[in-house]
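Chains A and B are the protein sequences, given in the same order. So the number in the numbering used here is just where the residue sits in the first sequence, counting from 1, plus 29. So the number in the numbering used here is just where the residue sits in the second sequence, counting from 1, plus 345.
Source of the hints: derived by calculation from the structure; they are not laboratory data. A virtual CB, placed ideally from N, CA and C, is assigned to each residue, including glycine. Please note that a few of the clues may not be correct.
The calculated label-pair distances, taken between Cβ atoms and stated as ranges, are [unchecked claim]:
1. A:Ser-89 x B:Arg-432: 40 to 50 Å
2. A:Ser-89 x B:Gln-537: 39 to 49 Å
3. B:Ser-486 x A:Asp-39: 45 to 55 Å
4. A:Asp-39 x B:Ser-495: 16 to 26 Å
5. A:Ala-49 x B:Lys-430: 25 to 35 Å
6. A:Leu-58 x B:Asp-415: 41 to 51 Å
7. A:Arg-85 x B:Asp-423: 45 to 55 Å
8. A:Ala-49 x B:Tyr-483: 21 to 31 Å
Reference listing, derived: stretches of chain A covered by chain B, where coverage requires no fewer than 3 residues with Cβ under 8 Å from a Cβ of chain B [claimed, not checked]:
9. 40-54
10. 78-91
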Amino acid sequence: MPSLRINGTDHAFPGDALPATVAELLNALEIDHATVVAEVDGRIVERGRFGQTPIREGQSIELVRFVGGG
Amino acid sequence: MGPVFFELQQATVGIAGLGGLGSNVAVALTRLGPGRLVVVDFDCVEADNLNRQQYFLDQVGMHKVDAMLDNLRRIRPDVEVVAHKVRLDPANIPGIFADCDVVAECFDRSDQKQMLVETLLSRLARTVVVSVSGLAGYGRSNAIQTRRISPRHILVGDGVSGIGPGVPLTAARVGIAAHHQANAVIEVLLEQWSPDYPEPESCQA
């Protein structure tokens, strides 16, 4: 089963259903694109490139979600 | 009396937003010691802000950067502050914070936090970012934590408590988060500017 390491935890995707891009991954996890900072293998992926940034088996992904208030 | 950490006189810290987080971070850092602050806010002080922000009733209507500069100089007359009355966006962020060793993300809206942190981390090569997510409400003091996400990104907050109906922003809990931020800034600066400084007993790594 394909897997990704997301925020330090292994996350398995059943079948061949590994999301193709950062945007698809966020959709699968039901995360609002406008409020998340994404890092793939230590590199920041800008929000405008979520749809073009491919995801590959075994990558390490950090997703920092912001909620309002300050 | 001068600041606590004289060895940080050469350090520059950015504070993006002077609301509940930023006004408290600015006051704490002025007492602690970084040589220069770069503060940015386009807003004016409103009466509603006084429930958690470090301004006074007679400052309502002033630009926050002007009011904060007055307040910081009353604490430390020699504090060096570069003030910008602008709305931050991806085009002006890299230039405004170019000289900062650390930037504290002190915005209110979640999409603005995202924009600022993403821009700082992707466009500036060495600046460390201390951001906040999850500080609304009251109680649960110990749910607010400081975590190192990556070498250049430290995140403060409980991660879940956004502002909403029945979940107000309060001076006490916003203050806890702001002081986590100021404390993380000092820790980063001491590692950078004074590597021989004794490490705190429990590290946040």
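Taking the hints in turn, this is what the structure says about them:
{"no.": "1", "hint": "A:Ser-89 x B:Arg-432: 40 to 50 Å", "result": "violated (35 Å)"}
{"no.": "2", "hint": "A:Ser-89 x B:Gln-537: 39 to 49 Å", "result": "violated (26 Å)"}
{"no.": "3", "hint": "B:Ser-486 x A:Asp-39: 45 to 55 Å", "result": "violated (32 Å)"}
{"no.": "4", "hint": "A:Asp-39 x B:Ser-495: 16 to 26 Å", "result": "holds (19 Å)"}
{"no.": "5", "hint": "A:Ala-49 x B:Lys-430: 25 to 35 Å", "result": "violated (44 Å)"}
{"no.": "6", "hint": "A:Leu-58 x B:Asp-415: 41 to 51 Å", "result": "holds (46 Å)"}
{"no.": "7", "hint": "A:Arg-85 x B:Asp-423: 45 to 55 Å", "result": "holds (53 Å)"}
{"no.": "8", "hint": "A:Ala-49 x B:Tyr-483: 21 to 31 Å", "result": "violated (43 Å)"}
{"no.": "9", "hint": "40-54", "result": "violated (count 0)"}
{"no.": "10", "hint": "78-91", "result": "violated (count 1)"}
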